[in-house]
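For the sequence shown, our numbering begins at 117 and goes up steadily by one.
Hints are computed from structural coordinates only; laboratory data are not their basis. For each residue, glycine too, the CB sits at the ideal point set by N, CA and C. Take the hints with a grain of salt, since some may be wrong.
Stated by the list, open to error - Pairwise CB distance ranges, derived in the manner of DEER restraints:
no.: 1; residue 1: Lys142; residue 2: His119; range: 19 to 29 Å
no.: 2; residue 1: Pro210; residue 2: Glu188; range: 20 to 30 Å
no.: 3; residue 1: Glu131; residue 2: Phe203; range: 15 to 25 Å
no.: 4; residue 1: His169; residue 2: Lys194; range: 19 to 29 Å
no.: 5; residue 1: Ser179; residue 2: Thr132; range: 12 to 22 Å
no.: 6; residue 1: Gln134; residue 2: Pro157; range: 32 to 42 Å
Claimed, not checked - Straight-line Cα separation of at most 20 Å, SDA-like style, residue types lysine to any residue; simulated pairs:
no.: 7; residue 1: Lys201; residue 2: His165
no.: 8; residue 1: Lys190; residue 2: Gln204
no.: 9; residue 1: Lys175; residue 2: Asp129
no.: 10; residue 1: Lys201; residue 2: Ala181
no.: 11; residue 1: Lys201; residue 2: Ser139
no.: 12; residue 1: Lys201; residue 2: Ser123
no.: 13; residue 1: Lys175; residue 2: Val121
no.: 14; residue 1: Lys201; residue 2: Gly150
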Amino acid sequence: MNHSVISGNLTSDIETIQAGEHSIAKFSIACNQGERADFIPIEAWNMDHLADHIGKGSKVLVSGAIRQQQWESKEGQKRSRLVLKAFQVEFLDPAKSPERENAKRSDGGRSRRRAA
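Put together the whole structure using the sequences plus the hints.
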């Protein structure tokens with residue numbers, strides 16, 4: 117059985133590309149392991165809605181299967197990497213909203229509480 121569940125924060129906004137009739141949402145998440153972080157590339161097929169709800173810094177829980185991608189570089193060297201092909205992505209942060217996005221832009225990404 118090939119099934120993994122990981123949680124972490126998106127390291128950048130989601131990139132969605134078309135592959136024929138299908139779409140692929142590509143992103144990576146940083147998973148903290150004590151003092152170090154592992155950066156896991158994720159591919160979520162036909163989940164166009166993800167970019168509407170999560171972005172850089174969002175905390176997610178991803179379940180899926182680990183796949184090895186292999187290719188040859190222009191120099192003829194064999195390369196490979198592991199990618200998590202997502203079956204399910206759960207949002208662990210509140211959904212993005214226009215108000216929240218505007219607040220991030222206006223204060224440089226830091227949210228502050230105002231005293232009443």
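Worksheet item: Hint numbers the structure violates, sorted upward?
Response: 2, 4, 6, 8, 14
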